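With chain A held as given, fit chain B onto it using these hints.
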Amino acid sequence: KQCHLKAGPQMITAKLELKPPPYPLDALEPHMSRETLEYHWGKHHRTYVENLNHQIVGTELDQMTLEDLILVSYNRGNILPQFNNAAQIWNHEFFWESMKPGGGGKPSGYLLELIKRDFGNFEALVKELKSAASSQFGSGWAWLMYKANRLDVGNAVNPRPQEEDKKLVVVKSPNAGNPLVWDYSPLLTIDVWEHAYYIDFQNRRADYITVFMEKLVSWEVVSLRLELAKARASEREREEERRKREEEDGYSAGSEAEEMYLESETDESEPEAE
Amino acid sequence: IMMETSWSCCTNLGPSGSSLLVTSDMSKLFQKPNFAQLCQQKKKELQGPRRSAKVHAYYGLKSPPYKLDALEPYMSQRTLEMHWGKHHRGYVENLNKQLEKNDTLYGYTMDELIKVTYNNGNPLPEFNNAAQVWNHDFFWESMQPGGGNMPIFDLLQQIEKDFGSFTNFREKFIEASLTLFGSGWVWLVLRRNEKRLAILKTSNAINPLISADIPIISLDMWEHAYYLDYKNDKGKYANVFMDHLVSWNAATVRMARAQAFVNLGEPKIPVA
Numbered sequence: 001k002q003c004h005l006k007a008g009p010q011m012i013t014a015k016l017e018l019k020p021p022p023y024p025l026d027a028l029e030p031h032m033s034r035e036t037l038e039y040h041w042g043k044h045h046r047t048y049v050e051n052l053n054h055q056i057v058g059t060e061l062d063q064m065t066l067e068d069l070i071l072v073s074y075n076r077g078n079i080l081p082q083f084n085n086a087a088q089i090w091n092h093e094f095f096w097e098s099m100k101p102g103g104g105g106k107p108s109g110y111l112l113e114l115i116k117r118d119f120g121n122f123e124a125l126v127k128e129l130k131s132a133a134s135s136q137f138g139s140g141w142a143w144l145m146y147k148a149n150r151l152d153v154g155n156a157v158n159p160r161p162q163e164e165d166k167k168l169v170v171v172k173s174p175n176a177g178n179p180l181v182w183d184y185s186p187l188l189t190i191d192v193w194e195h196a197y198y199i200d201f202q203n204r205r206a207d208y209i210t211v212f213m214e215k216l217v218s219w220e221v222v223s224l225r226l227e228l229a230k231a232r233a234s235e236r237e238r239e240e241e242r243r244k245r246e247e248e249d250g251y252s253a254g255s256e257a258e259e260m261y262l263e264s265e266t267d268e269s270e271p272e273a274e
Numbered sequence: 001i002m003m004e005t006s007w008s009c010c011t012n013l014g015p016s017g018s019s020l021l022v023t024s025d026m027s028k029l030f031q032k033p034n035f036a037q038l039c040q041q042k043k044k045e046l047q048g049p050r051r052s053a054k055v056h057a058y059y060g061l062k063s064p065p066y067k068l069d070a071l072e073p074y075m076s077q078r079t080l081e082m083h084w085g086k087h088h089r090g091y092v093e094n095l096n097k098q099l100e101k102n103d104t105l106y107g108y109t110m111d112e113l114i115k116v117t118y119n120n121g122n123p124l125p126e127f128n129n130a131a132q133v134w135n136h137d138f139f140w141e142s143m144q145p146g147g148g149n150m151p152i153f154d155l156l157q158q159i160e161k162d163f164g165s166f167t168n169f170r171e172k173f174i175e176a177s178l179t180l181f182g183s184g185w186v187w188l189v190l191r192r193n194e195k196r197l198a199i200l201k202t203s204n205a206i207n208p209l210i211s212a213d214i215p216i217i218s219l220d221m222w223e224h225a226y227y228l229d230y231k232n233d234k235g236k237y238a239n240v241f242m243d244h245l246v247s248w249n250a251a252t253v254r255m256a257r258a259q260a261f262v263n264l265g266e267p268k269i270p271v272a
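In order, the protein sequence lines correspond to chains A and B.
Quick note on numbering: full-length UniProt numbering labels position 222 of the first sequence as 222, and the sequence is numbered without any gaps.
Quick note on numbering: full-length UniProt numbering labels position 171 of the second sequence as 171, and the sequence is numbered without any gaps.
Hint data in this document are derived by calculation from the structure and do not stem from the laboratory.
Mixed in with the good hints, there may be bad ones.
Under the rule of at most 25 Å between Cα atoms (straight-line distance), these lysine-lysine pairs were calculated in the BS3-like manner [to be verified]:
(1) B:Lys201 - A:Lys43
(2) A:Lys130 - B:Lys86
(3) B:Lys172 - B:Lys86
What follows is a set of in silico ranges between Cβ atoms, one per label pair, in the way DEER data are often shown [to be verified]:
(4) A:Gly42 - B:Asn168: 31 to 37 Å
(5) A:Asp68 - B:Phe181: 35 to 41 Å
(6) A:Arg46 - B:Ser165: 49 to 55 Å
(7) B:Asp243 - A:Glu17: 34 to 40 Å
(8) B:Lys67 - A:Leu18: 38 to 44 Å
Everything numeric in this text was worked out from a predicted model, so none of it was measured.
Just so it is clear, CB atoms sit at the ideal spot from N, CA and C, and this is done for glycine as well.
Bound conformation, chain A alone (with noise of 0.2 Å):
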């Protein structure tokens, strides 16, 4: 974000920027054509950036993060007019950060070993991966995330709410559905939005999808994130526990009630910090 000091009294507007791709606009040929990007990026990203800037100058959404707008308008579900193009922008920067030049192939480490674990080998990730993305209907997004919770959490409705905890789960969501307002660890995204492959692949949906599994998701990227992922998810269990011991000892609950920090209702005890 880019901070400007106003003249006259002591304020401090933010604006959103337009974040570019890691890599050039033709870095990605001939799997994602420049002409792709210079469109998606450079008038469709753009756009959604330059109407949230409309949209919270002035106001006191203006001094907010990103994540922290996208979890605000989400409005558990009503969502606020900034909704959109907030959760699009993030939505769009993971996205372009998601693909690298000579991408493709397998992951690896610990990523592998999850993914092993919870799909039971690379081949069937890509399959449900590649199935989610088909079958969104309209437009929307697939994802491959770490889910570290089973709660309800209280912002929006766990769309997983079944499944154990700290697990590889694969998603998709609507138009600007975006995965912080389940309170999930995003590793990977796919955007099926039409404008995503229409200059190069037509209707041809599926296509795209193995062409950016083959040769554009950068597994080295997912697996940072899953590092990321973790390591917060640990520390969310020291503080949950920490504020469990406090309560016990008589003491006020110490932590901040963040947004995202939920009582488990639940009987069953912690799991063990990995």
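Then chain B, alone, in the frame of chain A:
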């Protein structure tokens, strides 16, 4: 006797109904059949004594009422080839595949199929395909070469009555197309209960048949409808539609038919 009957017949159901295709090997047996009734009858017969007979009913891909290059330069031939030849065709084929597996949905008209599969808001898997087939038929017929301009006579009067002026209506329609988020459609409908025209935005495959309103024209705002010709410039696409493509003739016909169901005039009370 092992009887393998595969048949499909062609009935043009109504103005914009997609053809229920039933081709008949047994056409020589029937002269002027009432196909729908026959289909049902045949099905009962075949389901009686155990025979290995399979009845297939298919919907057909209806062509637009003009050649694929007729809307140039406002909507390119390439767009029509993709949009009709691939997307629309895809919906028809997928619907047929689904119906093959689920013959409880057999025998409905397209309108009925949409309402049934919408299932009061909990749509069955066939809904998206069925509705999109209907939506696209309706869309092609909402356009014509040399379209645009303005409606006349009764329809214009009604628009002026319900929107203030044609300009205002046009503005509101374009605005709707710009503010629709994601994939969907913009409609001019005749509201049954309110007895007036209104502009409606719907998402994905939803259409006004669900709310029992009567559609008069539609604009496809799925990106595949305009991306090849206009890329992200929705505004230009919507304006071009209004100025050069929309068929007020079709709209007038639909309006006239709609008045069989909705009385727009003052009640005519005879004076003794």
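Quick rundown of the hints versus the structure:
{"no.": "1", "hint": "B:Lys201 - A:Lys43", "in the structure": "holds (24 Å)"}
{"no.": "2", "hint": "A:Lys130 - B:Lys86", "in the structure": "holds (20 Å)"}
{"no.": "3", "hint": "B:Lys172 - B:Lys86", "in the structure": "violated (31 Å)"}
{"no.": "4", "hint": "A:Gly42 - B:Asn168: 31 to 37 Å", "in the structure": "holds (34 Å)"}
{"no.": "5", "hint": "A:Asp68 - B:Phe181: 35 to 41 Å", "in the structure": "violated (21 Å)"}
{"no.": "6", "hint": "A:Arg46 - B:Ser165: 49 to 55 Å", "in the structure": "violated (35 Å)"}
{"no.": "7", "hint": "B:Asp243 - A:Glu17: 34 to 40 Å", "in the structure": "holds (37 Å)"}
{"no.": "8", "hint": "B:Lys67 - A:Leu18: 38 to 44 Å", "in the structure": "holds (42 Å)"}
In this structure, the hints that do not hold are numbers 3, 5 and 6, in rising order.
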